[in-house]
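Asks: From first to last, the protein sequence lines stand for chains U and Z.
According to the working numbering, the first sequence holds residues 1 to 160 in order.
According to the working numbering, the second sequence holds residues 1001 to 1537 in order.
Rather than coming from a laboratory, the hints here were simulated on the basis of the structure.
Any given hint might turn out to be false.
Claimed, not checked - Which chain Z residues face chain U? A few, computed with CB under 8 Å, are given here:
(1) Asn1065
(2) Leu1069
(3) Pro1070
(4) Pro1148
(5) Leu1178
(6) Ile1227
(7) Gly1360
(8) His1382
(9) Phe1438
As the list claims (entries may be wrong) - Result set (SDA-like, lysine to any residue): computed pairs, CA atoms no more than 20 Å apart in a straight line:
(10) Z:Lys1225 x Z:Asp1524
(11) U:Lys128 x Z:Glu1077
(12) U:Lys128 x Z:Asp1079
(13) Z:Lys1058 x U:Lys128
(14) U:Lys128 x Z:Asp1524
(15) U:Lys128 x Z:Pro1536
(16) Z:Lys1058 x U:Phe54
(17) Z:Lys1245 x Z:His1263
(18) Z:Lys1058 x U:Arg67
(19) Z:Lys1427 x Z:Glu1077
(20) U:Lys128 x Z:Glu1071
(21) Z:Lys1058 x U:Glu89
(22) Z:Lys1058 x U:Ala57
(23) Z:Lys1427 x U:Arg67
(24) Z:Lys1058 x U:Asp91
(25) U:Lys128 x Z:Asp1458
(26) Z:Lys1058 x U:Pro90
(27) Z:Lys1427 x Z:Pro1193
(28) Z:Lys1058 x U:Asp21
(29) Z:Lys1058 x Z:Arg1030
(30) Z:Lys1225 x U:Ala57
(31) U:Lys128 x Z:Tyr1194
(32) U:Lys128 x Z:Lys1245
(33) U:Lys128 x U:Pro117
(34) Z:Lys1058 x U:Asp61
(35) Z:Lys1058 x U:Val58
(36) U:Lys128 x Z:Pro1193
(37) Z:Lys1225 x Z:Arg1042
(38) Z:Lys1225 x Z:Glu1243
(39) Z:Lys1058 x U:Ile138
(40) Z:Lys1058 x U:Pro60
All C-beta atoms, glycine included, are put in the ideal place defined by N, C-alpha and C.
Residues per chain, in single letters:
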Amino acid sequence: MTAQSTPSATPSDPLPTLDPDRRATFTAIAAYLIPAAHGMPSAGDVIGDARLRFVLAVRPDLVEPLRAALRHELGTDPAARLARLEREEPDHHAALLLVVVGGYYTDADVRERLAYPGQEARPVVVWKVPPYVEEGLIDQVLARGPIWRDPATGRRAEPT
Amino acid sequence: MATEPADVLIVGAGATGGVVALRLAQAGFRVVCLEQGDWHDRSEYRGAELDWELTMRKQWATSPNVRALPEDYPIDESDTEVSPLMYSAVGGSMLIFAGAWPRMLPSDFRVRSLDGIADDWPLAYDELLPYYERSDRQFGVSGMGGDPAYPPGGEDPPLPPLPIGAGGLKVARAHARLGWHWWPEPNSILSVPYDGRHPCVQRGTCQQGCGEGAKASTDLTHWPKAIASGARLVTGARVRRLETKAAGLVTGATWLDRDGHEHFEPAKVVVLAANAIGTPRLLLLSASPAHPDGLANASGLVGRRLMMHPFANVGGLFDEDLESWQGQFGCSIESFEFYETDERRGFVRGAKWGLAPTFGPINAALPSRAGTRVWGPDHHLHVRSHLGRGANWGLFGEDLPDESNHITLSPTLTDSSGIPAPEVHYKVAENSRRLLDFHIERASESLREAGAHTVEVDRLMRYSGWHLLGTARMGDDPSTSVLDRWNRAHDVPNLYVVDGSCFVTSAGVNPTSSICAIALRAADHMVESRFNQQVPA
Ligand SMILES: Cc1cc2nc3c(=O)[nH]c(=O)nc-3n(C[C@H](O)[C@H](O)[C@H](O)COP(=O)(O)OP(=O)(O)OC[C@H]3O[C@@H](n4cnc5c(N)ncnc54)[C@H](O)[C@@H]3O)c2cc1C
Ligand code: SF4
């Protein structure tokens, strides 16, 4: 029986489903995909238990494909593993990428370094004249006249 | 269970189900609606949460096949180039729709007369105008009047326009230099408090449910009022088939509850509002010895002429931080510059462009829709160049009707109630490919003029079947159409179809404002013709 077909219910804490070998493989792949560079940390360092638990808790459907993507028989070379998964098991490949990216970019420090505050609530301001009106951009569109096609003539409508 | 027949039984509590229920309930009709999905509480939406970009790929995916919730029906997509997208709930697909709310243009109703292809509608733009205006007030539409892409006259949108963002401003300036049309997009999203609802806070997560309640969906805008006016909405109710009498009238619907128990809901009139996949599915499921090819299908057109708008995404990347993850996902600005036919281009009809936000870091990091991906040290440069620095033109091309693009019932796949699932057979036409190629070139020009250093193109997105149209078209001739000009089935005088199935041609705009205006018009007709309505004895 391959790891892919091993039945295992998703437990409330998904981490124990990743044995130490899989866990180490995950860290190596995360660091390979997103290494420390350009002032950003490595995903291998960022994605500890907390981040991994977070991703798998909100996406329990990723547990099984992740386990499959990390199985021992795919070898120790991250590049070869990723290439084979992409070619032969695209769903497992996609799940692995999503767990790495999801773990990394939900980390507070990573988001701060990117100056990404999350999807913030920013109330709409309607009482100020919008800059495009102030700049005369609307007037320019209007000055060019109608652009709709009049079904009665089949041609662009005439200005009224 | 009900024994007294409802005056009107509606199947589907989405956009059009809500519109028709409210109009009829307020006119004193006894309305019952059967909806396979459920109510959603706004607190369930993930837009303000850390997991937003993770859950949008599964629990809040736009494809029912990806979500695979028990209330969704699966769709066999093995023979389609585009996946149909939808949501099953009170509010229907509006729960996850983007909120862009443009109207069709006058030429859209006269494609045969003007371009010698497809068909004319049995109604015209002017006839629909008052319904657009009433519908806009019901949903709460923000926008700016006076757009020269439309005929003058009529009411302005009831609410002031939403912001167009830094990206929208750049592109608007570029269009001023190019002499090209642009306009702030009308959206069914509140810019100010309206009808007891909060205004938009620009989170940009509209396609995963609006936690503010700023984006219109009929669970907020219509159903509470319809229920207060006496409508009865049954959720978790999956309609299996419509039943008919020898006289050719429909008598009600057989449906299954969440536990699989079967019920019959009798009705004097039945209204299908299950969208252009769900409605033909039900009509085909309602085959009987008297209607061996499905109900209301003497023309043979039930399920045929499916149109889904060929779609391309053209994304520009800029040096400046535009914070392009924020802003209504509807659209900030639109362009109709190349909307109307110009045969010198080598195709007929055109596309509306809508400028949209660009999601957050997970989207920037994963392989892009245009196929770009970067791993290793330069991954960080890739993410920095994409996150918040993009502007995306979405190109909604007109899809011409073709009878070979159609829905059938799957012989093998079923929903969680054991009812046959729909199979979609759909190919993108040569006209659509040429149309998209042309528009992609022009949209790239627009973004370069706006200062984009890179333009990335996703030419024909698979997951772009947002707009489901045409599978029970209206027309004056019963041999070439399923519905009459009032959305009533030619063959079954007490059956109406009010969703996008009725579309004759697709136009090249987001369709829901038109779908809802047409549904409101049909409901008005039901009220006006109530004393002449044929009903089962
Ligand atoms: C991701 C996304 C983005 C979109 N963005 C836009 C946009 O910006 N602008 C725009 O104009 N349009 C947009 N649309 C399209 C818009 O949502 C639809 O046009 C609109 O919701 C159609 O309304 P409807 O009433 O026909 O169907 P729906 O809103 O789909 O409602 C149909 C209802 O019928 C129910 N139903 C189906 N079959 C059965 C059955 N057998 N028994 C019981 N109930 C049943 C379903 O559960 C559903 O709730 C978008 C759609 C999606 C999916
Ligand atoms: S951007 Fe506005 S409409 Fe969209 S989800 Fe946020 S508050 Fe709602």
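Asks: Under the constraints set out in the numbered hints, which ones does this structure not fulfil?
Replies: Violated hints (numbers, rising): 1, 2, 3, 5, 6, 8, 9, 11, 12, 13, 14, 15, 20, 23, 25, 27, 28, 29, 30, 32, 33, 38 and 39; every other hint is consistent with the structure.
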